[in-house]
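Protein chains in written order, with full-length UniProt numbering: chain A, 1 to 166; chain B, 1 to 166; chain C, 1 to 166; chain D, 1 to 166.
The hints are simulated quantities; they were obtained by calculation from the structure and are not laboratory data.
Hints are supplied without guarantee of correctness; some may be wrong.
[Claimed, not checked] Calculated pairs, SDA-like style, for lysine to any residue (alpha carbon to alpha carbon, straight line, at most 25 Å):
1. D:K18 / C:S9
2. C:K131 / D:G153
3. C:K131 / D:S143
4. C:K18 / D:T162
5. C:K33 / A:V89
6. A:K18 / B:H156
7. B:K131 / A:E146
8. C:K122 / C:S9
9. B:K33 / A:G153
10. A:K131 / B:S143
11. D:K33 / B:P30
12. B:K33 / C:S9
13. A:K131 / B:A108
14. A:K33 / D:R161
15. B:K131 / A:K131
16. C:K33 / B:S143
17. B:K131 / A:E155
18. B:K131 / A:P154
[Stated by the list, open to error] Residues on chain A that point at chain C, a partial pick, calculated with CB under 10 Å:
19. P95
20. C96
21. C99
[Stated by the list, open to error] For the chain C half of the interface with chain D, some residues (derived, Cβ under 10 Å), not all of them:
22. M8
23. D88
24. P90
25. T92
26. C96
27. G97
28. Q101
29. G118
30. G125
31. S128
32. G130
33. A136
34. E146
35. D150
36. S151
No residue lacks a Cβ here, since even glycine has one placed at the ideal position from N, Cα and C.
There are 4 protein chains.
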Amino acid sequence: MSDRVWEMSIEQRESLIKAAFEAKQQTYSPYSKFPVGAALMAADGRIFKGANIENASYGGTICAERTAIVKAVSEGTRSFVALAVVTDVPSTISPCGMCRQVIREFCAQDMPILLIPGDYPKPPGHDSEGKPGIIAGGIKETSIGELLPDSFGPEHLDLPRTGGGK
Amino acid sequence: MSDRVWEMSIEQRESLIKAAFEAKQQTYSPYSKFPVGAALMAADGRIFKGANIENASYGGTICAERTAIVKAVSEGTRSFVALAVVTDVPSTISPCGMCRQVIREFCAQDMPILLIPGDYPKPPGHDSEGKPGIIAGGIKETSIGELLPDSFGPEHLDLPRTGGGK
Amino acid sequence: MSDRVWEMSIEQRESLIKAAFEAKQQTYSPYSKFPVGAALMAADGRIFKGANIENASYGGTICAERTAIVKAVSEGTRSFVALAVVTDVPSTISPCGMCRQVIREFCAQDMPILLIPGDYPKPPGHDSEGKPGIIAGGIKETSIGELLPDSFGPEHLDLPRTGGGK
Amino acid sequence: MSDRVWEMSIEQRESLIKAAFEAKQQTYSPYSKFPVGAALMAADGRIFKGANIENASYGGTICAERTAIVKAVSEGTRSFVALAVVTDVPSTISPCGMCRQVIREFCAQDMPILLIPGDYPKPPGHDSEGKPGIIAGGIKETSIGELLPDSFGPEHLDLPRTGGGK
Ligand SMILES: [Zn+2]
Ligand SMILES: [Zn+2]
Ligand SMILES: [Zn+2]
Ligand SMILES: [Zn+2]
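Just chain A, same shape as in the assembly:
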């Protein structure tokens, strides 16, 4: 068991969620019309906000989660304690595989990832209540360990190689 304490205070959690909603307002998503906001909390309490930034050549699109991460890393921060993601959809939406891979490079396996419903907070008695991982207000709490199991990461590039195989 880890000694690491992921517990954020209620205030910190609310700040992070609020930041994700604010981040979403800066979306540049004229092609998908699917705004996404992400907020990444660093170990020192700073919050980095990201939105999805699309491109006419769709492959040039950078998602909200990756925007938040490159922003933080380029500011010299590589130690993170939580990520929150929100869209305009009332259900919780999970990061894409590309973002999961970039999260994997910088975040601990069990760092909390909070998927926020677009109509947060959901009232008591809402549809998803009691489902696995659903916490207060309809948030789904997960982690990169759960979202990208058996992941590929930096350590694999250093593994000894065999010329072998048939």
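With the hints as your guide, set chains B, C and D with the ligands onto chain A.
Below, chains B, C and D with the ligands alone, put in the same frame as chain A:
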């Protein structure tokens, strides 16, 4: 429960594994020096081979799995029954998040994904024997449902949006 | 001046253009609804066809030109003599920057890149006639040297570094 | 001729160059070992700093220029007046095609892009002096119009389509 029968014949499985090793020989990986081969079997039995094709601007790299998929799709095939992936590493190596996202677009949640150790077939009594998902020869059998749980996909782009949130 | 002879026969040129139109039919572009086809001729005369293959996470999209290139390279071919690109738009459409970067890795600076109007062949007297680079039928002939001037490529990664700067 | 005045003051130019060098210090480039820094000046004088952030799955890499852009856009800024890019190489290094495509989405064709040599300022009489585009200190001044001629952009997605072609 699905009626779909994923069972390949032993001959088909061996052909697919052989194709993944062959595919790896065409790698263009001067930067990572980490060759990867992938082989994708279509519903009609055709096998599409992919290798990782890197770029001096690293972000331009396209992995073996994605190469195999775009190859097949661009040939008019969108119905797949199995994917095999192999590297030069003696342990099994999992697809990156980007490839998982692209696999997600085209393959069924439970389509077999075979991760082949670089020294396949491992002899009886090898290290990973008996571990979860490990089958004969040291292969790890998995699926995109397992590798990209709670995934983001085409259906999410069509969800009703709320202007809401706080 | 180069000794290399880029001249294709008229038959080869027509085959390549025809292949680009065929390639476009295999597009998977439910998000942009902007089908693109590409055809890449190898030194041995083989033609590799690519279409744009999009993803629900837009950044996972791989364009037609890149599909054609990874297809060819993964088949063991790295020597190319011409690329043709076509869309459904009546004017010629240029490759995006990402594709230019991938073309740069594998193709000569002066290899012909033929941008085909979607209504090819345009009749004599059409609008773009006489414009720079426009040849018979409304095709625009260009090259990666023209499309990606002062490019970044493999040789730059090997340049000596300075710890310097202020 | 445009009314836009791209002229930065000498102080602004020096601030931007200094910011690019500072940005480079935050590089996460364990794979290429090729640090890059970028600094983007907004119309309101704010400077956004980006570094290249690589990934174990090389295709997940985001360059310095793109980091700077998504950072600025996600902060609500989409109007830019200059970009500076620097590496550890004593010669000037150009943005990759992917970055050019993302720059294209947000920056004017003639916005100054300053490529800074890693050993800036070069002394009078240096090698590249007098070469096209080279200005004081060995800087190469260019623009996205020059770096990505005949580019693909947002306006092309709206062009009328023909079902046509042969
Ligand atoms: Zn994403
Ligand atoms: Zn991959
Ligand atoms: Zn492209
Ligand atoms: Zn770049």
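So, D88 of chain C near chain D? Judge it on the closest CB pair being under 10 Å.
-> With a minimum Cβ separation of about 4 Å from chain D (threshold 10 Å), the hint on D88 of chain C holds.
With 10 Å as the cut and Cβ atoms as the points, is C99 of chain A at the interface with chain C?
-> At 8 Å from the nearest chain C Cβ, C99 of chain A passes the 10 Å test, so the hint holds.
Return the status of the interface hint for Q101 of chain C: holds when the least beta-carbon distance to chain D is below 10 Å, violated otherwise.
-> holds, 3 Å
Going by Cβ atoms only, is G97 of chain C closer than 10 Å to chain D?
-> Nearest chain D Cβ about 3 Å off; hint holds.
Tell me if P90 of chain C is really an interface residue toward chain D, meaning its C-beta lies closer than 10 Å to one of theirs.
-> Holds, about 5 Å.
Taken at face value, is the distance from the CA of R161 of chain D to the CA of K33 of chain A at most 25 Å?
-> holds, 22 Å
Does the interface hint hold: is A136 of chain C within less than 10 Å of chain D, judged Cβ to Cβ?
-> violated, 14 Å
Between K131 of chain A and S143 of chain B, does the CA-CA distance stay at or below 25 Å?
-> This hinted pair holds, its Cα atoms lying about 23 Å apart.
Decide if the proposed pair is consistent with the structure: K122 of chain C and S9 of chain C, CA atoms, cutoff 25 Å inclusive.
-> holds, 20 Å
Verify the interface restraint on D150 of chain C: the C-beta must sit less than 10 Å from at least one C-beta of chain D.
-> holds, 5 Å
With a cut-off of 25 Å on the C-alpha distance, tell me whether K18 of chain A and H156 of chain B pass.
-> Distance of about 23 Å is within 25 Å: holds.
Can the restraint linking K131 of chain C and S143 of chain D be considered satisfied, given a maximum Cα separation of 25 Å?
-> Holds: K131 of chain C and S143 of chain D sit about 23 Å apart, inside 25 Å.
Of the numbered hints given earlier, the model fails hints 1, 12, 15, 16, 22, 30, 31, 32 and 33; all others are met.
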